[in-house]
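Once you've looked at the hints, dock chain B against the given chain A.
Just so you know, the sequences run in chain order A and B.
Per this note's numbering, the very first residue in the first sequence carries number 1; after that it's consecutive.
Per this note's numbering, the very first residue in the second sequence carries number 1001; after that it's consecutive.
Don't read these hints as lab results, they were simulated from the structure.
Wrong hints could be hidden among the right ones.
[As the list claims (entries may be wrong)] Covered stretches of chain B, as calculated for chain A (at least 3 residues, CB under 8 Å): (1) 1056-1063; (2) 1073-1086; (3) 1106-1118; (4) 1135-1149; (5) 1259-1266.
[Stated by the list, open to error] Derived DEER-like restraints, expressed as beta-carbon distance ranges: (6) A/Arg-15 - B/Ala-1118: 49 to 59 Å; (7) B/Gly-1046 - A/Pro-485: 47 to 57 Å; (8) A/Thr-119 - B/Pro-1096: 26 to 36 Å.
Note that beta-carbon positions come from the ideal geometry of N, C-alpha and C, so glycine has one too.
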Amino acid sequence: MTVRALLLSAMRRDRITLAIWILGTALLALFAASAVGDTYGDTAERVGILRLAVDNPAILLLRGLPHGTTLAAFVFFQIFTWLALLAGLMCSFLAVRHTRAEEESGRAELIAATPAARTIPTVVALVHGVLAALVLGAAVAAALIAGGMPVRGSVVSGCATAAVAIAFLTTGLLAAQLARTSRGANTLGVATVCGAFLLRGLGDALGTPSADGAAMTSAWPSWLSPIGWGQHVFAYTDDDPRPLLLCLALAAACTAAVLVLQAGRDNGASLLPARAGRATARPRLRSSLALGWRLHWPTLVAWCAGGAAFGLFAGGLSEAVVQAADTDPDLAANLRSIVPSGGSVTQVLIAAMFALVGVIAAGSATQAVIRLRQEEAHGTAELLLSTPLGRVRWLGGYLVLGAVSILLVLLSGAFASVTAQVLTGGQDLGLSVAAAAAQLPASLLYLAVLALVFVLLPSATAALGWTLLGAGVFLGVFGGLLGIPQWARDLSPFTHTPVMGGSGVELGGAVWMLAIAATAASASLVLMRRRELRG
Amino acid sequence: MDDARGHDIVVEAAGLEKRFGRVTALAGLDLRVLRGEVHGFLGPNGAGKSTTIRVVLGLARASAGSVTVFDRNPWRDAVGLHARIASVPGDVSLWPNLSGGEAIDLIGRLRGGTADAAAYAARRARLIELFQFDPTKKGRAYSKGNRQKVALIAAFATPADLYVLDEPTSGLDPIMESVFDREIARVAGEGATVLLSSHILSEVEQLCDRVSIIRAGRTVETGTLAELRHLTRTEVSFEDSGAQVTAAQISAMQALPAVHGLRRAGGRIRFTVDSDAVARVLPALAALEVRGLVVEPPSLEELFLRHYGEGS
Chain A
1 MTVRALLLSA MRRDRITLAI WILGTALLAL FAASAVGDTY GDTAERVGIL
51 RLAVDNPAIL LLRGLPHGTT LAAFVFFQIF TWLALLAGLM CSFLAVRHTR
101 AEEESGRAEL IAATPAARTI PTVVALVHGV LAALVLGAAV AAALIAGGMP
151 VRGSVVSGCA TAAVAIAFLT TGLLAAQLAR TSRGANTLGV ATVCGAFLLR
201 GLGDALGTPS ADGAAMTSAW PSWLSPIGWG QHVFAYTDDD PRPLLLCLAL
251 AAACTAAVLV LQAGRDNGAS LLPARAGRAT ARPRLRSSLA LGWRLHWPTL
301 VAWCAGGAAF GLFAGGLSEA VVQAADTDPD LAANLRSIVP SGGSVTQVLI
351 AAMFALVGVI AAGSATQAVI RLRQEEAHGT AELLLSTPLG RVRWLGGYLV
401 LGAVSILLVL LSGAFASVTA QVLTGGQDLG LSVAAAAAQL PASLLYLAVL
451 ALVFVLLPSA TAALGWTLLG AGVFLGVFGG LLGIPQWARD LSPFTHTPVM
501 GGSGVELGGA VWMLAIAATA ASASLVLMRR RELRG
Chain B
1001 MDDARGHDIV VEAAGLEKRF GRVTALAGLD LRVLRGEVHG FLGPNGAGKS
1051 TTIRVVLGLA RASAGSVTVF DRNPWRDAVG LHARIASVPG DVSLWPNLSG
1101 GEAIDLIGRL RGGTADAAAY AARRARLIEL FQFDPTKKGR AYSKGNRQKV
1151 ALIAAFATPA DLYVLDEPTS GLDPIMESVF DREIARVAGE GATVLLSSHI
1201 LSEVEQLCDR VSIIRAGRTV ETGTLAELRH LTRTEVSFED SGAQVTAAQI
1251 SAMQALPAVH GLRRAGGRIR FTVDSDAVAR VLPALAALEV RGLVVEPPSL
1301 EELFLRHYGE GS
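One chain only, chain A, in its complex shape:
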């Protein structure tokens, strides 16, 4: 009875979050299945791409193991590891949300005082997570079938996704036992999932090519990763579910460990002790900008790593893509749909990759402004603004923080791209720097407009911030690929980002965006003078 009540309450709480995760993952599967069918319908073409992949560790790292040349097997190679990554993240977050986060907030104490006691909530989180994983697996299978893939292999893919999700559900539960805070537990959980992805990537990249050069056997590191196990079902070719037993065995072992740990510890206690902080502040911590930097930099590191990853892609893969584009004209067409340019394939690739770096830069700025709102909503802003710190100055500090974030993300991307180009013998190093600089206007526009939203509609800051960014990416970056009409694509700032390297760079959009950004930023500062603090 208690279990049922808690389970229903957990499902109710998660219904929107999980719906977004599951629908998003299923849509990715559907999109991959239908897009690959359209682009690589011809077997000879696929064999060419697979051979290219086998020669390129970077592609294997980011995709999977080539195994079979049928269209469906090609789809599995392209997308499964990403589906597994998303499934793992979804379940790891779910596990922490229903265990450690509850303990940290003190809600678990309310529940522990009822007949539910201390262990039942963990069991409920496990059951809830397993149900979510099964629904996710079914959704992925349905999406692949809807995308025209064979039923049997699609069901196997769905089962593999669910099994990986269940494995990471239990590692998440274990992380929640170990760490003192939900933030710590989530860091541990995400590190486990991403580590498993990288381990698999490493194993795949170091694998042995088959005789025809269009398939690959992975090296041993893949067999240390639940995502690697999931991949080895080789849906649509072998359809072998046995590797999934490893996922379930890991899940059983983690569950046993979780139950033992849970039985032996106090509510709120943890195996890894909470790290003590400093007794006095460093001399630097003496302004709201310094405080913002202190709060923002750990996530900024992650944004910069994302920027660097796409930069690495841009610089490191340009040679490989030039070769691929020779055999596959559609590839070049896809790239040109992101950035309309008459330039060379290298130029277009670098511009397309840096469009994504620009999205990441805008994301880091969006997060800086949302942090400002969180300070206000959580009440810490009241402590700050009761000192001789003016509201306008407070906002100004965060605008500076957002601009610095944008610069650092773009610099990380440019630096990674140039380094990769130097290492792979690429030319035209200035192109990466120019492409990075071209992202400034759109990113600054996002920063300034969201600051204005924060001043005028504070409670909408977070929701509107991510929605505007998502809509901008959808219309501006992928709009061409998805066949969105031009007038709608023009609504996105990213559409107006200048494309460097082509003949005759169009800078009009950039100038307009900078002008709007400057106006919005000034307006936000002026209006902040008249704005009250709102909880």
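Structure of chain B alone, referenced to chain A:
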């Protein structure tokens, strides 16, 4: 600014109104805090204490009415005023990944109170010792009482002319409350002005020179504790010996102008009497040869409950 009696006024609010959409938080509130006094700001939860304090600090803007702090408008001159004000919010939240010690230093530095580093360090160390506070924990690990200590230590570690404290002892244990009382006495002794909101009467009775009681966004009483005590009545009761006390005697007592609410219950006869008229009632009681006479001194509690109870 001075009032009619030549007192120096630090905080002056007149007809203060504050509306949030359709909700009226303050409906014509008056408040006057004199220089050097500890002013108690009493009222039930939701009476508008925190809203008033936010207006005084310039974090919210009054919808109507006037407010000045040190003769300046707190909304327009917030930054200049805050250099002279130390405050503790009603609900202290901390930054999850900053330690308590870091938060104290940050607030102290923003207030500009750390210019004399040695003096600041000494004050800070003394307060951390007094409040038995561990400054190395991260913000999210502190209990409510310990978060409160962060704000209190930060407020008392830098000198100020005005202390604005919103229910500062909520979450503190009795020993820490007495530490807090001594700190208030110290800053008041140094000539600072204190505005202290509370819904606990005994706290205010102990610490404050003058008190304002508010209810539903309006000031209902204001004055020194002695003045307020005058508004309350003394409670008198004695044994009901049945036959000896006749109905005629009862109605004679009821007829006395200062006697209120006479009733017989639980074997005793009880009534209240205006505190300045107690002596006039005593001859009547002597004539009755009453036994077990109890005369309870006036308490603010009664006044407080009378205002709190209204309309609830």
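Hints, one by one, checked against the model:
1. 1056-1063: This one holds; 4 residues, not fewer than the three required, reach chain A with a Cβ under 8 Å.
2. 1073-1086: Satisfied; 6 residues make the cut.
3. 1106-1118: holds (count 6)
4. 1135-1149: Result for this restraint: holds, n = 6.
5. 1259-1266: Result for this restraint: violated, n = 0.
6. A/Arg-15 - B/Ala-1118: 49 to 59 Å: 58 Å Cβ-Cβ, so the 49 to 59 Å window holds.
7. B/Gly-1046 - A/Pro-485: 47 to 57 Å: 54 Å, holds
8. A/Thr-119 - B/Pro-1096: 26 to 36 Å: Holds - the Cβ-Cβ distance for A/Thr-119 and B/Pro-1096, about 27 Å, lies within 26 to 36 Å.
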